[in-house]
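Protein chains: 2
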Amino acid sequence: MTLTANTTVVPSPAKGLVCRNCGATFGLIAEHACAECFGPLEVDYDYDLLKAVTREQIEAGPQNIWRYAPLLPVGQDPASRVSLNPGMTPLVRADRLAEELGLTGGLWVKDDSANPTHSFKDRVVSLAATAAKGLGYQKIACASTGNLANSVAAHAARAGLPSFVFIPSDLEPGKVVQSAVYGQTLVAVDGSYDDVNRLTSEIAETDEFEDTAFVNQNVRPYYAEGSKTMGYEIAEQLGWRIPAQVVIPMASGSLLTKVDKAWRELTAAGIVADTPWTVFGAQSAGCDPIATAFDNGWDVVKPVKPFGIAKSLNIGNPADGPYALDAIRRTGGAVGRVGDDEIVQGILDLARTTGVFAETAGGVTVAVLRQLIADGRLDPTQETVVLNTGEGLKTLDPLEPVVGFTHRVEPSLKSVRAAGLIG
Amino acid sequence: MTLTANTTVVPSPAKGLVCRNCGATFGLIAEHACAECFGPLEVDYDYDLLKAVTREQIEAGPQNIWRYAPLLPVGQDPASRVSLNPGMTPLVRADRLAEELGLTGGLWVKDDSANPTHSFKDRVVSLAATAAKGLGYQKIACASTGNLANSVAAHAARAGLPSFVFIPSDLEPGKVVQSAVYGQTLVAVDGSYDDVNRLTSEIAETDEFEDTAFVNQNVRPYYAEGSKTMGYEIAEQLGWRIPAQVVIPMASGSLLTKVDKAWRELTAAGIVADTPWTVFGAQSAGCDPIATAFDNGWDVVKPVKPFGIAKSLNIGNPADGPYALDAIRRTGGAVGRVGDDEIVQGILDLARTTGVFAETAGGVTVAVLRQLIADGRLDPTQETVVLNTGEGLKTLDPLEPVVGFTHRVEPSLKSVRAAGLIG
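Chains as they are written, first to last, in the UniProt record's numbering: chain A, 1 to 423; chain B, 1 to 423.
It cannot be assumed that every hint is accurate.
[As the list claims (entries may be wrong)] When the alpha-carbon atoms are kept at most 30 angstroms apart in a straight line, the in silico DSS-like pairs for lysine-lysine are as follows:
#	chain 1	residue 1	chain 2	residue 2
1	B	Lys305	A	Lys414
2	B	Lys302	A	Lys414
3	B	Lys302	B	Lys261
4	B	Lys261	A	Lys414
5	B	Lys139	B	Lys15
6	A	Lys302	B	Lys261
7	A	Lys261	A	Lys51
8	A	Lys139	B	Lys15
9	B	Lys414	A	Lys305
10	A	Lys261	A	Lys15
[What the hints assert, rightly or not] From chain A, some residues computed to sit far from chain B (all C-beta separations above 12 angstroms):
#	residue
11	Pro11
12	Gly39
13	Gln184
14	Lys261
15	Asp375
[As the list claims (entries may be wrong)] To give an idea of the interface, some chain A residues facing chain B are shown, with a C-beta separation under 7 angstroms as derived from the structure:
#	residue
16	Leu84
17	Glu202
18	His407
No lab work stands behind these hints: they were computed from the structure.
Computed from a predicted model, the values in this text were never measured in an experiment.
Yeah, the Cβ is synthetic: ideal placement off N, Cα and C, and Gly gets one too.
Isolated chain A, as found in the complex (with noise of 0.2 angstroms):
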């Protein structure tokens, strides 16, 4: 953050929330579902006030989500943000992994395992608790993964807000120590995570916790405008253009949705040309309910039990599959599945050829862009994007038994001769 970036205030473009079922319309209020239909709520905006948005002024602002703030519903008021700061994170060239692969479109790696807990969950808590702020609740919680579990705890714990965080008991250390080293409430469900979100979505309804906004329930629409903000920089990194394909891994499909989305609001503002696209969704063996719906043409996603490494995607009932398959079909893009031997490839792959240490989330949208072009359904001769969602310290679990020291010495050079290391 250099201090010195323009800070000038503009209003926010949103204008209420809308149901993406029927279209009712509602003030800016904390829900998430449609009161008439049950449908859920997304911000709706001022496309007028999007449209006059330019490069410019986006240039002009902090080097983090915040730049885009003309283009989010809160956040305007740098004093309104409860946030770390998230965002800009690099975008990565991977010409090794290209060569690797056969695409000589050009491949890019947006590594968000840079967010300050490292993982994209950043920016969308970032909007989330700024938004709890200014629709006057003291608290914030979660259902959690893990990633959302770091990033609600850190938030709050930057803010001096209480928190109280819900994860499945049986996540990865490194997921678990990094969400209670914050200090805040920190609730372990013998569960899966669809148990943890059924179970917070009561939680949220009893008289204690009222005053408490769940990010990713009861102001879930501020909170998935957040991801709008990886397609904001994906395109401003590559000078104000959009990629030919992107892939992006699936878990509630939320994220993907958001990207397109954030796409579509450039072209339309005029801020960038207005080129084809193609999106890609990456889904674990372990828990593809969105790839099943895809390779059978449902519209619907029937719910599944999930298993496997990939945790931070085992959302077996993914609120958005519907969405996501929406833009997947729209824009002439595939979803692609991986086993768990793949997804430590994949992990091992952009390490070896990048130096980006990803998550079992990275390693399984890796592993789905090695199967897509495999299978011919993605173009090697295009430019192409895949997203990292997430940073490779906190799934050490499954990389254990593969990967290690390859020579073990005693400090003496005979020790080092004997190793083969030298003649």
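Add chain B to chain A, keeping to what the hints say.
Just chain B now, kept in the frame of chain A:
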């Protein structure tokens, strides 16, 4: 990285190497010890070129360490860089920690866990690897306590260079896996860091390693200059001024000397006002040779055998100890040392109040800040910056016994009620 950033190539201001002991001068060669007196060599600059550098020139550069290329020995031409493009890490305002500590002058945390491999070592490796390439080396290598290992292996992976990383065999699992995942040669040495360092200086002399740059040995003068960028960034992020006080962890002592050097350069060049600053050093009680020398008024540092949890600081024979002592004494500073329990408490205090999760070295720094205030050696009415040089996810072991779930429940409201979370 914004691809549209200014990439004008300026000349290197480096004119040679100079012995810090006897003042003998050399060309820009691959040596770290003086041929006359065996004293340490450092980069010597054309100070007229340094003085011509302006704020505007720096601000037009990319959002990483290379914006300071006009002040660095190598890397002026973007095509010459071997780099993960680290730097411009957050300077976090720590009001809640300041309040707990009774520090009224303003407190900031410079958080280098945001670098690509999550420690400040990416800064020095980017300089060393770029210098190595320019000097014609084909491979890079290092002796490391872990963070340097991660960074060398990741830089090598990105660039497609072979690398050889030597680490003590008892390092933290996170650092071992992160070093191994990049697919480079990783050698475990059964001994202390000082043993590893001695071994690699012997290996560097063998025929097999003639074409290998040992980043912290034969190209150490270039490597060490990378640490100046932390000093430059702090000044720039404060709006181009130098803080009154800074607390810096010490292993070899090099980082501390280079932050001080950076500020001397900025004031000499007129880029910032020449206001006084005081430099404080932080060590663990398990490895306190510089603290002991400071307490006893010694000019030389007596080696120790390190122990304790702050492994990244466990250098018992610190090469830059005497120069660190010079900077601390010249500016009226002091050195603190803290035990393992205080280090863990420092990590928890920082996380709870700022949302920054530091590795043990960061815990050392925060605990020493507390101690220096309590002892009356650091002025709580003056603006202070503390450096977090690494990532908490790399050193989970000492936290696992002290943090965890606050509650554990079944996925039912009844169980949540029994746990006391609702009435």
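Cross-check of the supplied hints:
1. Lys305(B) <-> Lys414(A): holds, 24 angstroms
2. Lys302(B) <-> Lys414(A): holds, 29 angstroms
3. Lys302(B) <-> Lys261(B): holds, 24 angstroms
4. Lys261(B) <-> Lys414(A): Not OK: Lys261(B) and Lys414(A) at ~41 angstroms, beyond 30 angstroms, violated.
5. Lys139(B) <-> Lys15(B): holds, 25 angstroms
6. Lys302(A) <-> Lys261(B): violated, 62 angstroms
7. Lys261(A) <-> Lys51(A): Status holds; Cα separation ~14 angstroms.
8. Lys139(A) <-> Lys15(B): violated, 57 angstroms
9. Lys414(B) <-> Lys305(A): holds, 24 angstroms
10. Lys261(A) <-> Lys15(A): holds, 17 angstroms
11. Pro11: Answer for Pro11(A): holds, closest chain B Cβ roughly 26 angstroms.
12. Gly39: holds, 26 angstroms
13. Gln184: Violated: least Cβ distance 8 angstroms, not greater than 12 angstroms.
14. Lys261: holds, 22 angstroms
15. Asp375: Given a closest Cβ separation of 26 angstroms, the condition holds.
16. Leu84: Holds, because the Cβ-Cβ distance from Leu84(A) to chain B comes to roughly 6 angstroms (cut-off 7 angstroms).
17. Glu202: Constraint on Glu202(A) satisfied, holds at 5 angstroms.
18. His407: With Cβ-Cβ at 4 angstroms, under 7 angstroms, it holds.
Checked against the numbered hints above, the structure breaks hints 4, 6, 8 and 13 and satisfies the rest.
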